Amino acid sequence: MTDGAELRRRAQEFLAAYPPDGTERAEFLKARFDAGLAWVHYPEGLGGLGAPRSLQAVVDAELEAAGAPDNDPRRIGIGLGMAAPTILRFGTEEQKRSFLRPLWVGDEVWCQLFSEPGAGSDLAALGTRAVRDGDTWVVNGQKVWTSGAHAARWAILIARTDPEVPKHRGITYFVCDMTDPGVEVRPLRQITGEAEFNEVFLTDVTIPDAHRLGEIGDGWKVAQTTLMNERVSIGGARIPREGGMIGPVVEAWRERPELRTHDLHQRLLKLWVEAEVARLTGERLRQQLVAGQPGPEGSGMKLGFARLNQEISGLEVELLGEEGLLYEDWTMRRPEKVDFVGRDAGYRYLRAKGNSIEGGTSEVLLNIVAERVLGLPSEPRTDKDVAWKDLAR
Amino acid sequence: MEGSGPLSTQTTQSPQPAQRDLLYSEEEEALRSVVRGLLADHCDATAVLTRTESAEPHDRELWKALTDGMGLAGLLVPEELGGQGATHREAAVVIEELGRAVAPVPYLTSAVIATEALLACDSDAARELLGMLAAGRTVGVLTVPLATAPGGALPDVRAQDGALRGSVPGVADAVAADVFLVPTSAGLFAVDATEDGVTVAPQTSLDLTRPLATVTFEGARARAVGPESGPAVRRGLRAGAGLLASEQLGLADWCLTETVRYTKERTQFNRPVGSFQALKHRLAQLWLEVVNLRAAARNAADTLAAGSADADVAAALAQAYASPATVHIAEEALQLHAGIGMTWEHPVHLYLKRAKSDSIALGSVGRHREELAARVNLPAP
Chain A
3 MTDGAELRRR AQEFLAAYPP DGTERAEFLK ARFDAGLAWV HYPEGLGGLG APRSLQAVVD
63 AELEAAGAPD NDPRRIGIGL GMAAPTILRF GTEEQKRSFL RPLWVGDEVW CQLFSEPGAG
123 SDLAALGTRA VRDGDTWVVN GQKVWTSGAH AARWAILIAR TDPEVPKHRG ITYFVCDMTD
183 PGVEVRPLRQ ITGEAEFNEV FLTDVTIPDA HRLGEIGDGW KVAQTTLMNE RVSIGGARIP
243 REGGMIGPVV EAWRERPELR THDLHQRLLK LWVEAEVARL TGERLRQQLV AGQPGPEGSG
303 MKLGFARLNQ EISGLEVELL GEEGLLYEDW TMRRPEKVDF VGRDAGYRYL RAKGNSIEGG
363 TSEVLLNIVA ERVLGLPSEP RTDKDVAWKD LAR
Chain B
1447 MEGSGPLSTQ TTQSPQPAQR DLLYSEEEEA LRSVVRGLLA DHCDATAVLT RTESAEPHDR
1507 ELWKALTDGM GLAGLLVPEE LGGQGATHRE AAVVIEELGR AVAPVPYLTS AVIATEALLA
1567 CDSDAARELL GMLAAGRTVG VLTVPLATAP GGALPDVRAQ DGALRGSVPG VADAVAADVF
1627 LVPTSAGLFA VDATEDGVTV APQTSLDLTR PLATVTFEGA RARAVGPESG PAVRRGLRAG
1687 AGLLASEQLG LADWCLTETV RYTKERTQFN RPVGSFQALK HRLAQLWLEV VNLRAAARNA
1747 ADTLAAGSAD ADVAAALAQA YASPATVHIA EEALQLHAGI GMTWEHPVHL YLKRAKSDSI
1807 ALGSVGRHRE ELAARVNLPA P
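Going line by line, the protein sequences match chains A and B. Positions in the first sequence are counted from 1; adding 2 to them yields the numbering used here. Positions in the second sequence are counted from 1; adding 1446 to them yields the numbering used here.
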């Protein structure tokens, strides 16, 4: 049985063998994976020890205290948060062995080829086709809102393999090689002026059947695992009081009394209260997970943070007054990771608009809460028994 | 979009509070289950409604069951003084259930506010009274208007030669009180309700289940229980404000649960009304508010229980969030019940009245925001 004390001991032994200040970063991370200290709840040989997930915190604390390099989750967030749990659950042994180690170490960046121009919230309506040709599949279609595609080595991809059945049933899940000559990545410039996302055009892309995840036609079920993990990773971060978006606003309020007005004071206090309460809700969820009683609160965390981020960043622009009229830089750039840190208020305001769209729109998440948490009846569905090819598009 | 989410932006901060335990323990869940069972048997909505129209607004039988039978009035009182020596965490669970039932009992006023005020007084008289309040056979009420915030101005009752003179309106549960705790500039005094010179004049209250009265003292004989009113009243009201959030949570949770049930059953246009997206989204929003409210209420109860330095912030935070959220949830519950919700016979109005009254009780949102502004260094212009 692996307990906290045992993991602490293993972490200390590992640090003795690979002292952070005397070990090259890549070597350290690979060794950490091989020691089972990458994600302790994964199986042995795949970066873990089959230990309870909650004990990862013990390992992280030991390694962090020793100044260990991290594996840069912001750059490889899609791989860690979405591709990895899906591969672990649905992948073959060969897929797990070849994909998980370079993914965790950060040698290989992953992206997600799900959304399409005509299939966002109604994701199962997707039209990208994968046609079987012997041991390979030939894929044609267009994907959109793909963050990190320009830096990615691999993609998780869902494509239609049977148009004759209703839309949820004819989808299959693949791993796509982004270096395939049929893959074209074009930057998609956004409201912020940057191209953090991409359009991806797939023209006669060949995918070996060995890179299929799960059964043919089972792609929707596999994708649910990915999407669930995506929402957890977006809403579940632990933050201190005044962490997150409220931080720069309270800092400006304290340091620059000339900006203060009574109206802004009331709105700031209201949002301070809401941010602190949301933080406590996140903490409560975390405590439930540690206690082994996961609550449904996670379903709402992303909704709450999306609205708060938008309101707070909107207030921040107003608080700054004349400065709020300015913007840092409209030059088209392709950032490798998304971060609000070190950016100005205008960027935060504009980028936060995506928080209620990415990873499931707030409208779709409200439906999920209403139906799965509150048990309310589902919307009448007119497309449920109609073959995908017969749907109006 | 398939981006990563909001990420932390670290800046200079006010001091970080210690990490609180925001869950319910097994013992607390067991306590909840017993109290809920008792309330299901003794305090259904029809009975509460009938009582509001009677001459006896408080449910003395229920009070006896809660106090004599279960010792719940003494949760916050140390064992050596005749209480249970439990904490605000357990009291919060009881209050949550009382809120869920809009129970007409003086628990918040006697077992929390008056009790906490006495716990701040180091005197034999205070200790004796604490034992009596803990037993539940004596109901004590702190004689300040229900709207008074922790740190708010106190009523002007004068003490001279052991006799009190003055009048205090808006005192909650005064009609049920056996003893009044009266703050004066000469200290905190106790007066029996039966004493000559004490008059309790019921007022017509918005919240029928927590009735208000004007208490007048005309030369009433009083005994001193503490040399200073300020700290005792502040402690009483702070605990009251912190735990009121649990009452609001109970109210809100009932409103949401009943509204979800109703919208699943009620059909219009040949569908359950709960299948319409416009209503589903509103209900999901209410659920989010309840989830947040629960975290804020548990945080307030746990900081009070631990005597944490963050307890003032936690109580003000809980009230600043809980008051508008609970009123919103109760108002939505009424609207989503539509016609039947607007009637006297459906209990939702009892919850709306209590929710609105609670939003003013122990300080309005504005007062609690001001308190926070001072305590977390967000000064006004």
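Quick caveat, the hints were computed from the structure, so don't treat them as lab data. Heads up, some of the hints might be wrong.
The calculated BS3-like cross-link candidates involving lysine-lysine, where the alpha carbons are at most 30 angstroms apart (straight line), are [unchecked claim]:
#1 A:LYS355 with A:LYS32
#2 A:LYS339 with A:LYS355
#3 A:LYS272 with B:LYS1799
#4 B:LYS1710 with A:LYS386
#5 A:LYS272 with B:LYS1510
#6 A:LYS272 with A:LYS355
#7 A:LYS339 with A:LYS391
#8 B:LYS1710 with B:LYS1799
#9 A:LYS391 with A:LYS223
#10 A:LYS98 with A:LYS272
#11 A:LYS386 with A:LYS223
#12 B:LYS1710 with A:LYS223
If you want a taste of the chain A side facing chain B, the calculated C-beta under 10 angstroms gives, among others [to be verified]:
#13 ARG27
#14 VAL252
#15 TRP274
#16 GLN289
#17 GLY302
#18 VAL319
#19 GLY323
#20 LEU327
#21 LEU328
#22 ILE370
Pairwise CB distance ranges, derived in the manner of DEER restraints [said to hold, decoys possible]:
#23 A:ARG10 with B:THR1492: 21 to 27 angstroms
#24 A:PRO183 with B:GLU1711: 32 to 38 angstroms
#25 A:ARG99 with B:GLY1483: 53 to 59 angstroms
#26 B:PRO1673 with A:PRO75: 56 to 62 angstroms
#27 B:THR1660 with A:GLU324: 51 to 57 angstroms
#28 A:THR4 with B:ARG1717: 26 to 32 angstroms
#29 A:PRO71 with B:ALA1752: 35 to 41 angstroms
On a predicted model such as this, the values are computed, not experimentally measured, just so you know. A virtual CB, placed ideally from N, CA and C, is assigned to each residue, including glycine.
Hints numbered earlier in the text: which of these fail when held up against the supplied structure? 1, 5, 7, 10, 13, 18, 19, 20, 21, 23, 24, 28
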